[in-house]
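Participant: Sequence:
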Amino acid sequence: VGMLVNSLYNVIDRIFVGRGIGSLAIAATTVAFPLMIVLLAVSIFIGVGATALISIRLGEGKKEEAEKIAGNAITMLVLLPALAAGVFFIFSEPILIACGASPEVLPYAMDFTQIIMLGAVFGSISLGANNFIRAEG
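Using the numbering used here, the letters of the sequence shown correspond one by one to residues 4 to 140.
Everything hinted at is true.
Beta-carbon label-pair distances, calculated as ranges:
id : residue 1 : residue 2 : range
1  : K71       : L11       : 32 to 38 Å
2  : E70       : S26       : 48 to 54 Å
3  : E68       : P37       : 33 to 39 Å
4  : E67       : R17       : 43 to 49 Å
5  : N75       : I24       : 38 to 44 Å
The calculated EDC-like cross-link candidates involving lysine to aspartate or glutamate, where the alpha carbons are at most 20 Å apart (straight line), are:
id : residue 1 : residue 2
6  : K71       : E139
7  : K66       : E139
8  : K65       : E139
Calculated directly from the structure, the hints in this document are not laboratory data. The C-beta atom is built at its ideal place from N, Cα and C for all residues, glycine as well.
Model the full structure from these sequences, guided by the hints.
Facilitator: Rendered as structure tokens:
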């Protein structure tokens with residue numbers, strides 16, 4: 004259900020961007036999409052890996068170790084996406100050009116990317132830590 008809601012959010016967001024700003028804005032979101040996928044992948048990587056370890060430790064009755072793993076994972080969910088977002092924020096122009104941004108699309112893509120990167124840590128924590136609930140059973 005959560006993934007369905009997220010997908011609907013993205014579709015509706017694109018409709019509003021396309022109708023409100025135009026085709027260049029849609030192109031900008033498309034060019035910036037690989038950067039968003041990197042952040043998504045890092046969050047899922049940390050969340051799923053930590054969830055497996057937390058589940059194992061809880062199954063072994065080692066609650067303190069499970070809590071330590073969760074704490075370390077949350078730290079990583081803050082630091083790694085923040086680092087990636089910082090790099091993407093600082094070097095957004097050359098990265099977006101490498102992703103195929105044309106001179107017309109580049110200003111829109113840079114604006115979009117910089118806004119997305121400002122909220123990257125919060126989205127990463129939400130996405131990664133969502134898996135921890137499953138570990139508890």
